[in-house]
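Given the sequences, and given the hints that come with them, work out the whole structure.
Protein chains: 2
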Amino acid sequence: MPPDSTDPVASFVRANEAYAGKFAKGDLAMRSKTGVTILTCGDSRVDPAYFLGLPEGEAYIFRNAGGRVTDDFLRLFFITQMLGSRRVMVIHHTDCGLNRFSNQVIHDRTRNELGLDSSGTDFLPYTDLDQSVRDDVARLRSSPSVRKDVLVSGYVYDVKSGRMTEVTSP
Amino acid sequence: MPPDSTDPVASFVRANEAYAGKFAKGDLAMRSKTGVTILTCGDSRVDPAYFLGLPEGEAYIFRNAGGRVTDDFLRLFFITQMLGSRRVMVIHHTDCGLNRFSNQVIHDRTRNELGLDSSGTDFLPYTDLDQSVRDDVARLRSSPSVRKDVLVSGYVYDVKSGRMTEVTSP
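Residue numbers (my numbering), protein chains in the order written: chain V, 1 to 170; chain H, 171 to 340.
Calculated directly from the structure, the hints in this document are not laboratory data. Hints may contain errors.
Restraint-style ranges between C-beta atoms, simulated for each label pair [stated by the list, open to error]:
hint : chain 1 : residue 1 : chain 2 : residue 2 : range
1    : V       : 102       : H       : 314       : 42 to 48 Å
2    : V       : 148       : H       : 335       : 38 to 44 Å
3    : V       : 27        : H       : 287       : 44 to 50 Å
4    : V       : 26        : H       : 272       : 21 to 27 Å
5    : V       : 111       : H       : 176       : 51 to 57 Å
6    : H       : 287       : V       : 26        : 37 to 43 Å
7    : H       : 176       : V       : 27        : 21 to 27 Å
8    : H       : 274       : V       : 147       : 17 to 23 Å
9    : H       : 282       : V       : 102       : 38 to 44 Å
10   : V       : 138       : H       : 191       : 28 to 34 Å
11   : V       : 22        : H       : 283       : 35 to 41 Å
12   : H       : 256       : V       : 94        : 33 to 39 Å
Quick caveat, the model's predicted, so the values are computed rather than measured. Backbone N, C-alpha and C define an ideal beta-carbon position, used for all residues, glycine too.
Printed below as a string of structure tokens:
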């Protein structure tokens, strides 16, 4: 946080107190209403609650750096399939950190900031945004961890316009 | 999706068209305003945009099954540290799938539904909710991938009350 700011976590905690004080959604089920799983980036600008208009209870939302189909996602998505999910939207976005930083830049930074040799680690950067979506959709479709009746489509979200564009249809 | 519903993805796409039509946040930066990173579950009921009152641009949000500190999270969180994050909130929740399903149950399901032997895979279930938070906070704090000046705290979110309770202070 900027050194001159008040503690942001304290303000989040206060916001939760206000939310809980008016909460009326305690009957929502573990199984989401639509069964759709959204995989997107952890970037603060890219929040599907807003850009897809999703209230609580509507869809499973997974977010990591880039919205990449990682080993972890493939493993843990099975639990979501157990809860009935048969539809996935993979959503990458413009101006993403994974498009700005190369593995070499990240390796240099871990060595300088952590004293950590991460040269054997792939941080999953990409150079072509549409292709990164196509690659991840293909990885999901061909994974033995994903049921054959799961439909997957891919999109790019533009942080300048707020608009999501389809790259790969189901 | 339930077989009698209309396509939920089509309605999400329409919601995005409405969002983009009124969008006025195109100047937000890649670096989030608070630098806080939130790690929580992909459960549809557990959305920090709502329960912490976070508008776009406010905080990095990572979500996976359970909100667990996985190898992937530890790897990809470094990119968020490159963008200035020095504060993490780990938030697990009541009525989580990872508290309902054991590894044995999940292994049986992958064999029955996918023909996949996942017996060597840990799907990260837990039996004690508060302890799962403490374990994940400890894992983050001791990881060589995390800068020593990163502060981590842990919480439980109650899906019945909408209230978040601190388990581990920074």
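Going through the hints against the structure:
1. For residue 102 of chain V and residue 314 of chain H, the Cβ-Cβ distance of about 22 Å falls outside the hinted range of 42 to 48 Å, so the restraint is violated.
2. Against the hinted window of 38 to 44 Å, the Cβ-Cβ separation of residue 148 of chain V and residue 335 of chain H comes to about 41 Å, which satisfies the hint.
3. Between residue 27 of chain V and residue 287 of chain H the CB atoms are about 38 Å apart, so this pair departs from the stated range of 44 to 50 Å.
4. Range check, residue 26 of chain V to residue 272 of chain H: about 26 Å between beta-carbon atoms, so the 21 to 27 Å window is met.
5. With their beta carbons about 52 Å apart, residue 111 of chain V and residue 176 of chain H fall inside the hinted range of 51 to 57 Å.
6. Checked against the given bound of 37 to 43 Å, the beta carbons of residue 287 of chain H and residue 26 of chain V, roughly 39 Å apart, stay inside it.
7. Range check, residue 176 of chain H to residue 27 of chain V: Cβ separation about 23 Å, and the 21 to 27 Å hint holds.
8. In this structure the supplied range 17 to 23 Å holds for residue 274 of chain H paired with residue 147 of chain V, their Cβ-Cβ distance being about 20 Å.
9. At about 43 Å, the beta-carbon gap between residue 282 of chain H and residue 102 of chain V stays in the expected band of 38 to 44 Å.
10. Taking 28 to 34 Å as the suggested C-beta distance range, the pair residue 138 of chain V and residue 191 of chain H conforms, at roughly 32 Å.
11. The given range of 35 to 41 Å is respected by residue 22 of chain V and residue 283 of chain H, whose C-beta atoms sit roughly 40 Å from each other.
12. Distance hint check: the CB atoms of residue 256 of chain H and residue 94 of chain V are about 26 Å apart, inconsistent with the given range 33 to 39 Å.
Hint compliance for this structure: hints 1, 3, 12 are broken, all remaining hints hold.
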